[in-house]
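Number of protein chains: 2
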Amino acid sequence: MPTDDTSHLRDALDLAVDNVESGLGGPFAALIVEDDTVLAKGTNRVTTVQDPTAHAEITAIRAACKKRGHFELDGCTLYTTCEPCPMCLGAIYWARLDRVVYAASRTDAAEAGFDDDHIYQELDKAPPDRKLPMEQRLSDEAHRPFDAWKNDDDRIEY
Amino acid sequence: MPTDDTSHLRDALDLAVDNVESGLGGPFAALIVEDDTVLAKGTNRVTTVQDPTAHAEITAIRAACKKRGHFELDGCTLYTTCEPCPMCLGAIYWARLDRVVYAASRTDAAEAGFDDDHIYQELDKAPPDRKLPMEQRLSDEAHRPFDAWKNDDDRIEY
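Residue numbers (this note's numbering), protein chains in the order written: chain A, 2 to 159; chain B, 2 to 159.
Just so you know, the hints here were simulated from the structure itself, not pulled from any lab data.
Note that the structure is predicted; figures quoted are calculated from it, not measured.
Where hints are given, some of them may not hold.
Identical copies carry no separate label here, and so any pair may be met within one copy or between two of them.
[Said to hold, decoys possible] The calculated DSBU-like cross-link candidates involving lysine-lysine, where the alpha carbons are at most 35 Å apart (straight line), are:
(1) 68 / 132
(2) 68 / 126
(3) 126 / 42
(4) 132 / 42
Could you build all of it, start to finish, from the sequences and the hints given here?
Here it is as structure tokens:
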């Protein structure tokens, strides 16, 4: 049976509406699906757990990895009610998800008052041109952790 | 007393070396400092806690927010051993940190075998052009969670 994209995405939209109406956080939800089975769900909990990284996608990725007992989610699709922000899209790449299906765009999120599009624009700039001051220091010592890493024969790469 | 950038960044580099040598994760560490006092520390724990989002910066941001009891870290500086990846830079914007000081660049991280630069390049592309398949569906229903949000007079914005 092929995965039913529309059905999973509609479930995520329902979950996001519930999340708002229950006062649990922002208007976002995500599902992680493997072989048409829901592995994990996540909703936005930023303001209720006091964690700015508790976006729906990150919450779902962390829950799915816990369930799998592994830090990668190859073979899985992420369904999310809105185009992932840069933080969540980065997490999606690190988790090695196979595919993303989303409903609203970053422009829709901006119209609802969220910073996703603003952060995409900031990331496009060179570090010195961003609104957030970023300074590089100690570049001559920066290699020390990487040297330790290369010398560690027991390292687990990710 | 002005904040001693070099001292805090060197502490982060030492912490990252220790993290590798103790077998706790990748060669990255971060400190969050407010008024020259360390609010929280974080190291990379991806492979030991099975969480692809457990980068040093995210771990430090989550710990600092827990300590503050709030989802924003205005007034704080983040010291990190390496230029933040897109996931962590996104988290830094959402956390409203004041400033970032880093040692290694994304190019140094790529040379050490990490995907940071690759993910920056992917984020620059339009969704249909990325290596990760991304598809938009149900755009006509995507407004439902945002409508619930706008109608919720008790919403906490972030």
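Structure-based check of all given hints:
1. With identical chains, the CA atoms of residue 68 and residue 132 are at most 35 Å apart between copies only, with a shortest distance of 26 Å across copies and 39 Å within one.
2. Taking CA atoms no more than 35 Å apart as the test, residue 68 paired with residue 126 passes between copies only; the shortest distance there is 32 Å, against 37 Å inside one copy.
3. For a Cα distance limit of 35 Å, the shortest separation of residue 126 from residue 42 qualifies both inside one copy, at 33 Å, and across copies, at 27 Å.
4. When the C-alpha separation of residue 132 and residue 42 is checked against a cutoff of 35 Å, the pair qualifies both within a copy, at 34 Å, and between copies, at 24 Å.
Figure legend: structure checked against the earlier numbered hints; every hint is met.
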